[in-house]
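Chemist: Turn these sequences into a full structure, and let the hints steer you where they fit.
So the protein lines, in turn, are chains A and B.
My numbering puts the first residue of the first sequence at 1, with every later residue one more than the last.
My numbering puts the first residue of the second sequence at 337, with every later residue one more than the last.
Calculated directly from the structure, the hints in this document are not laboratory data.
Cβ coordinates follow ideal geometry from the N, Cα and C atoms, glycine included.
A portion of the hints provided could be inaccurate.
DSS-like cross-link-like pairs, simulated, lysine-lysine; straight-line CA separation at most 30 Å [said to hold, decoys possible]:
| # | chain 1 | residue 1 | chain 2 | residue 2 |
| --- | --- | --- | --- | --- |
| 1 | A | Lys-91 | B | Lys-444 |
| 2 | B | Lys-447 | B | Lys-352 |
| 3 | A | Lys-116 | B | Lys-430 |
| 4 | B | Lys-402 | B | Lys-509 |
Okay, the calculated beta carbon distance ranges per label pair [stated by the list, open to error]:
| # | chain 1 | residue 1 | chain 2 | residue 2 | range |
| --- | --- | --- | --- | --- | --- |
| 5 | B | Pro-448 | A | Tyr-152 | 25 to 33 Å |
| 6 | B | Asp-602 | A | Gln-129 | 44 to 52 Å |
| 7 | A | Cys-148 | B | Gly-632 | 43 to 51 Å |
| 8 | A | Lys-288 | B | Pro-448 | 16 to 24 Å |
| 9 | B | Glu-455 | A | Asn-331 | 44 to 52 Å |
| 10 | B | Asp-355 | A | Phe-2 | 45 to 53 Å |
| 11 | B | Lys-419 | A | Thr-224 | 41 to 49 Å |
| 12 | B | Asn-453 | A | Lys-66 | 48 to 56 Å |
| 13 | B | Thr-560 | A | Gln-50 | 26 to 34 Å |
Covered, in the sense of this in silico footprint (three residues per stretch, anywhere, with C-beta under 8 Å from a C-beta of chain A), are these stretches of chain B [claimed, not checked]:
| # | segment |
| --- | --- |
| 14 | 341-353 |
| 15 | 431-440 |
| 16 | 563-575 |
| 17 | 621-627 |
2 protein chains.
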Amino acid sequence: MFAARVEKVKSELSKKGLDAVLISSPVTVTYLTGHSGFTGERDVFLLITQDKNFILTHSIYSNVLKVEGFEVVEISRRLPPQKILLRILGKEIKLGIEENNLTVSEYKKLKPFVVKNFEISDYRTIKTQDEIELIEQACQVGDKAYECIQKYIKEGISEKELAFKLEYFIKQKGVDLSFPTIAAFGKNSFAPHHQAGDKKLVSVKFKNYCSDMTRTFVSGIPTTEQKKMIDTVFAAQQKAIESAKNRACDVDKTTRDYIKSKGYPDIPHSVGHGIGLEVHEHPYISKKSKEILKNGMVFSIEPGIYVQGFGGARIEDLFVLENNKLRRLTNGVSQN
Amino acid sequence: MFAARVEKVKSELSKKGLDAVLISSPVTVTYLTGHSGFTGERDVFLLITQDKNFILTHSIYSNVLKVEGFEVVEISRRLPPQKILLRILGKEIKLGIEENNLTVSEYKKLKPFVVKNFEISDYRTIKTQDEIELIEQACQVGDKAYECIQKYIKEGISEKELAFKLEYFIKQKGVDLSFPTIAAFGKNSFAPHHQAGDKKLVSVKFKNYCSDMTRTFVSGIPTTEQKKMIDTVFAAQQKAIESAKNRACDVDKTTRDYIKSKGYPDIPHSVGHGIGLEVHEHPYISKKSKEILKNGMVFSIEPGIYVQGFGGARIEDLFVLENNKLRRLTNGVSQN
Chain A
1 MFAARVEKVK SELSKKGLDA VLISSPVTVT YLTGHSGFTG ERDVFLLITQ DKNFILTHSI
61 YSNVLKVEGF EVVEISRRLP PQKILLRILG KEIKLGIEEN NLTVSEYKKL KPFVVKNFEI
121 SDYRTIKTQD EIELIEQACQ VGDKAYECIQ KYIKEGISEK ELAFKLEYFI KQKGVDLSFP
181 TIAAFGKNSF APHHQAGDKK LVSVKFKNYC SDMTRTFVSG IPTTEQKKMI DTVFAAQQKA
241 IESAKNRACD VDKTTRDYIK SKGYPDIPHS VGHGIGLEVH EHPYISKKSK EILKNGMVFS
301 IEPGIYVQGF GGARIEDLFV LENNKLRRLT NGVSQN
Chain B
337 MFAARVEKVK SELSKKGLDA VLISSPVTVT YLTGHSGFTG ERDVFLLITQ DKNFILTHSI
397 YSNVLKVEGF EVVEISRRLP PQKILLRILG KEIKLGIEEN NLTVSEYKKL KPFVVKNFEI
457 SDYRTIKTQD EIELIEQACQ VGDKAYECIQ KYIKEGISEK ELAFKLEYFI KQKGVDLSFP
517 TIAAFGKNSF APHHQAGDKK LVSVKFKNYC SDMTRTFVSG IPTTEQKKMI DTVFAAQQKA
577 IESAKNRACD VDKTTRDYIK SKGYPDIPHS VGHGIGLEVH EHPYISKKSK EILKNGMVFS
637 IEPGIYVQGF GGARIEDLFV LENNKLRRLT NGVSQN
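Modeler: Rendered as structure tokens:
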């Protein structure tokens, strides 16, 4: 699987007339090698040329980062990546870089080369069957975690305690979190994304693949107003599901138009996002995204309503587009 | 405290002849505003001009990111940061950027401006009394976590389970982890930094400030060879402590020379690193660092020995340089 992905990179090099590409983003390294868990402190780079592959890493990692088909080269303060590149490739070679990841100071050190943007995140937009299964497994852990914490949801438990219970359950299963857990009650649920400002959000990472799920919970018997709000986000999600064969922006529009038609404020975020090795990736179900949704894409649909001083409601599930229909990957429990 | 830091930025602007600075790195945002917990997905930028301060953030955060003296401006796909900058500042202004953080693609969008590197991470090298106390509190949680898990360290427990117990204890205290917990047994302890390749490492974050600690544990009665290795890292740490009034590179050299003099391989990493809002920051106690260690600096001293096929030993503690002497912030328990 990884070898085939590296081969795809090499054929892209030929097409773009590049001699090599320097991969710096941890997620691309994971995609091409299966290794993960980097600290974000530039532990590892990949250098892929027409006929060779190198892993550039510090001596402290060089014994553990073993990948078939890759030669390990140690970097250090004395031998930073740009010096290794000169040694291996020589000057004036044409080098692909990840402009979305490489920093300006790293870029400035690549002066001896002719650099050009090299973007491979779009390789990941259409998922393989293996990838869909891993996301599904992550979703199943998330579903179980949510089920397990239901019993704790009652007045008296703090948002922080609830988030902790959730994380505990997920970590106990030996999987990682893909996003900090967010749990928010009452008026706090107004702010859709802040640590202390959301619905219960469950994100799980299973063998590097992410899930993402949000549920809204009403403590006690919901008031008519609360019920209307929650019913509306469910109905809006249904509208999105039915329109998911169209362009992403049309799905976004259908969903937000429905919510506005019920007298609520516009959704202050996109209606959904792709998910895979990253918790947010292509395709984006947003106003600007003209992309046509295709079979094999996995994404969230997460309409939300937020009314200042009252509270908010959001429902988020993951779906895969298969045979031109959406299949739900999170279990889509009925509303509480 | 935050207002004074922002003032310092403004006076730096004047000195450098800049009209404004765009802050993009989450740690600098935390340093200047106290807000933290960003996802790393470009949730927030700060724009500081000679007479005004702005927080640029998505609408989903704009209600929670309130900072005295800062005006919130919403960014979106339609109104990205570069457009906001044009609106607020006009063209051809001189703009500071964080070259160590800004990506090449973000940089390319700043063409209408004259950009120049603006580095403020060195402001953080000398800690204030408040900062030292926060690091000390983080260290205390780490010490207690280590104490608490001692009872689980026995043959039979897996590395993963041990790491989980540690994390559970730390999270339960309502504090964050500053680094993924690493626990490694026996031959695995050869690789000094990989997920499954280290000694027990405890890193805690308390009110945004980090601690970092490593302990080596021998299950059962240590062999003569194991004892010699552990004694050597302790003695090497003591050598470093005694030499800590010198340049960072001299402390590094003293420590690694001692270890080599005992017949062990050279330390495959730096002898220490500064710590504060980031788990690794200035000053670096490394071969290349000519910096003179000064009062108020907080850093680790962490000599390690790694012998392939046998195992490794590392001891890591945090120290603050006060009155030209090192004061230990982690409790520095006696060797096991």
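Chemist: Hint by hint, say whether it matches the structure.
Modeler: Results for each hint:
{"no.": "1", "hint": "A:Lys-91 with B:Lys-444", "result": "24 Å, holds"}
{"no.": "2", "hint": "B:Lys-447 with B:Lys-352", "result": "20 Å, holds"}
{"no.": "3", "hint": "A:Lys-116 with B:Lys-430", "result": "26 Å, holds"}
{"no.": "4", "hint": "B:Lys-402 with B:Lys-509", "result": "27 Å, holds"}
{"no.": "5", "hint": "B:Pro-448 with A:Tyr-152: 25 to 33 Å", "result": "52 Å, violated"}
{"no.": "6", "hint": "B:Asp-602 with A:Gln-129: 44 to 52 Å", "result": "48 Å, holds"}
{"no.": "7", "hint": "A:Cys-148 with B:Gly-632: 43 to 51 Å", "result": "47 Å, holds"}
{"no.": "8", "hint": "A:Lys-288 with B:Pro-448: 16 to 24 Å", "result": "22 Å, holds"}
{"no.": "9", "hint": "B:Glu-455 with A:Asn-331: 44 to 52 Å", "result": "49 Å, holds"}
{"no.": "10", "hint": "B:Asp-355 with A:Phe-2: 45 to 53 Å", "result": "48 Å, holds"}
{"no.": "11", "hint": "B:Lys-419 with A:Thr-224: 41 to 49 Å", "result": "42 Å, holds"}
{"no.": "12", "hint": "B:Asn-453 with A:Lys-66: 48 to 56 Å", "result": "37 Å, violated"}
{"no.": "13", "hint": "B:Thr-560 with A:Gln-50: 26 to 34 Å", "result": "53 Å, violated"}
{"no.": "14", "hint": "341-353", "result": "violated (count 0)"}
{"no.": "15", "hint": "431-440", "result": "holds (count 7)"}
{"no.": "16", "hint": "563-575", "result": "violated (count 0)"}
{"no.": "17", "hint": "621-627", "result": "holds (count 3)"}
Consistency with the previously given hints fails for numbers 5, 12, 13, 14, 16, ordered from lowest to highest.
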